[in-house]
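Undergrad: Quick note, the sequences are listed as chains L and F, same order. With my numbering, the residue at position 1 of the first sequence is -18, and numbering never jumps. Basically my numbering = 1-based index in the second sequence + 377.
Be aware that one or more of the hints could be misleading.
Pairs of lysine-lysine, PhoX-like flavour, derived with a Cα cap of 25 Å [stated by the list, open to error]:
{"hint": "1", "chain 1": "L", "residue 1": "K47", "chain 2": "L", "residue 2": "K36"}
{"hint": "2", "chain 1": "F", "residue 1": "K445", "chain 2": "F", "residue 2": "K433"}
{"hint": "3", "chain 1": "L", "residue 1": "K22", "chain 2": "L", "residue 2": "K1"}
{"hint": "4", "chain 1": "F", "residue 1": "K454", "chain 2": "L", "residue 2": "K22"}
{"hint": "5", "chain 1": "F", "residue 1": "K454", "chain 2": "F", "residue 2": "K433"}
{"hint": "6", "chain 1": "L", "residue 1": "K22", "chain 2": "F", "residue 2": "K482"}
Now the stretches of chain L that chain F is said to cover, found in silico as 3 or more residues with beta-carbon under 8 Å [as the list claims (entries may be wrong)]:
{"hint": "7", "region": "8 to 16"}
{"hint": "8", "region": "21 to 27"}
{"hint": "9", "region": "85 to 92"}
Calculated from the structure, these hints are not laboratory results. All C-beta atoms, glycine included, are put in the ideal place defined by N, C-alpha and C.
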Amino acid sequence: GAVVSQHPSWVICKSGTSVKIECRSLDFQATTMFWYRQFPKQSLMLMATSNEGSKATYEQGVEKDKFLINHASLTLSTLTVTSAHPEDSSFYICSARDPLSGANVLTFGAGSRLTVL
Amino acid sequence: GDSVTQMEGPVTLSEEAFLTINCTYTATGYPSLFWYVQYPGEGLQLLLKATKADDKGSNKGFEATYRKETTSFHLEKGSVQVSDSAVYFCALSSASGNTPLVFGKGTRLSVIA
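Isolated chain L (complex conformation):
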């Protein structure tokens, strides 16, 4: 089945630094990937839709200059948290849809837990 891989799984960084999270579709091509953010014991909040070869579409309230998304190829999208601060600490999860799977099923990566000190 469809597999989405995220890296890194865990990252700890100092306040003010930037962190890049990669999301790869391993066995299918994804023209669109979705980035979600999850706070402790809460639901997933859609941050942005990443589109291969074009600009990402951000949800209301998400700072595009803070969360840079680049969808460089049909199998890779990256999320860069720029000038990270402790309030950016969260669980970031990407997802993509295998176009051959049908039924609108989204496959999720295992998530990347960011801790900003």
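Position chain F relative to chain L; hints supplied.
TA: Then chain F, alone, in the frame of chain L:
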């Protein structure tokens, strides 16, 4: 807009108890409905799905039936195990094409031996 409402947790059950997690939705058209499960420290995994009214999704002993008349997709399992302890998310996708899912807030289930 589209929305999903789940029963609030946490839910604590003894092993072999019956589980029901309620989920209702608001959407335009005819959405596809999903249950995802998140085990501690992990991402989300698809548990089951239903794409049209009266469809029943099932997997690993879990079931949910798409009820258009009550706009519901309640998750059930006849006999839970400790390994079922996780957070369960109800979700919908109301549009065709490559669109994101709308999630409920999640329900944390703890099963004790």
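Undergrad: Confirm or reject each hint.
TA: Hint check results:
1. L/K47 x L/K36: This hinted pair holds, its Cα atoms lying about 15 Å apart.
2. F/K445 x F/K433: With Cα atoms ~12 Å apart, F/K445 and F/K433 stay inside 25 Å; holds.
3. L/K22 x L/K1: Between L/K22 and L/K1 the Cα gap is close to 24 Å, so the pair holds against 25 Å.
4. F/K454 x L/K22: Roughly 23 Å between the alpha carbons, so the hint for F/K454 and L/K22 holds.
5. F/K454 x F/K433: holds, 13 Å
6. L/K22 x F/K482: Holds. L/K22 to F/K482 sits at ~9 Å (cutoff 25 Å).
7. 8 to 16: holds (count 3)
8. 21 to 27: holds (count 5)
9. 85 to 92: holds (count 8)
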